[in-house]
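Enquirer: So the chains spell out like this:
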Amino acid sequence: MGPTENSSAPIPKAPAAGSRPVSARFIAALGGSPCCPAVATDEQFDRALLSQAEVLFVLRANGLELGHLIGRAHERGKLVAVHLDLVAGLRSDRAAVGWLARAGADAVITSHGHLVAAIKNQGMVAIQRLLAAHGSQLSAGLASIARSEPDVIEFLPGVVLPQARHLLPRLGPPMLAGGFVRSRDDVRAILAAGALAVTTSREELWGMTRE
Amino acid sequence: MNSDRIWHLPRIFEASNGQGAWSHLGRDVGLLLRDTNLTALVANAGHDTTLAVDCDGVEGLGDDRAAAEFLVQRLGFEIVLTRHAAMATNVASLGGLAFLKVFALDTEGMRHSLEVHPRGSAVGTAICPGLVLPHLEPEEVSLLPRPILAYGLLDAPEDIAACLAIADSVVLRRRAIEGL
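The listed protein sequences correspond, in order, to chains C and B. Here this note's numbering is used: the first residue of the first sequence is 3, the next is one more, and so on. Here this note's numbering is used: the first residue of the second sequence is -19, the next is one more, and so on.
Errors might be hidden in some of the hints.
Stated by the list, open to error - Quick list of the computed label-pair ranges, beta carbon to beta carbon: (1) C:His116 to B:Pro137: 37 to 43 Å; (2) B:Pro118 to C:Asp44: 26 to 32 Å; (3) C:Ala119 to B:Pro118: 27 to 33 Å; (4) C:Arg27 to B:Ala1: 53 to 59 Å; (5) C:Asp87 to B:Ser122: 55 to 61 Å; (6) B:Thr19 to C:Ala145: 32 to 38 Å.
Since the hints were made in silico from the structure, they are not lab data. Built from N, CA and C at the ideal position, the CB exists for glycine as well.
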């Protein structure tokens, strides 16, 4: 996503820990509207704002210029999760976590378990990605999650969750699933496999409710 | 070097760390060494089967030209899986068959992964996880340089069959092979 009109806007003050929407509100929003937009362009973001989805996942954007976008989402009563590892302009470190907190992000997604505590300390929801490219990567990811204790896990590729669920232990945090989610049948199968919600770039699925 | 060589791949590669006794499972089953070390690689060189190695999971092994020469020319591992495009190119230039790992975790990630694919005649695609392959749209499969190896999270017979309908070969653990 390109620069926004608040490029020269003052940087907002850091919030006190816990003053942001807490994990429980975020998780309730996911449960209420379990098919969430994963957006990579300004145009997608605009359309996601008009959807019934309650939580927007920003995958590609200028991470240094997110305040305006997040503010627009909040005006519409939506929560915003930002993918720290994918947005431009930010390094995946504690300082960037603080930056996203000041920009108003409600949640941060990362594959870096060592940042989970920092995300929580900033009053945001910590979502750790669980990448399942092969068995050893999955095992390493599960071990990392056990250490870092994120609020939410995002399993990728989500479309295979129904087939791969038996490879996962009973997980404490609720689970998102994203990646190649393309149809209502995919969504139904993933939710039936135990995911709390899915993320998808397929706009026709945004806001789909549990059936 | 012969980049136009025709490769005859087994339909199945058994994944192994190569650190125990290995018995041949049949003519159409090769051996893929992964999550192993240099010592085990040397010990397994010369097996009377089609040998492959996932060089990203070999303790002590680099990903440069010297590593490619050691695998292909010194040990005779002609089939090499790697996540590094340069390593794949090196293996192919030495007369081997490389499989570049394409991580298919989501649409955009797969696209980025494919952008660096060398697309040479001796560089195929190891799609990771293999389990996702039947979920890809035909246009996406058509973008994967062949041969295609489905690699990762495969154990149910129906999933394996679905992958074999698309891929040239699949990588399985012994338990899954015995369940077929």
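Enquirer: Which constraints among the numbered hints does this structure fail? Numbers only, ascending.
Expert: 3, 5 and 6
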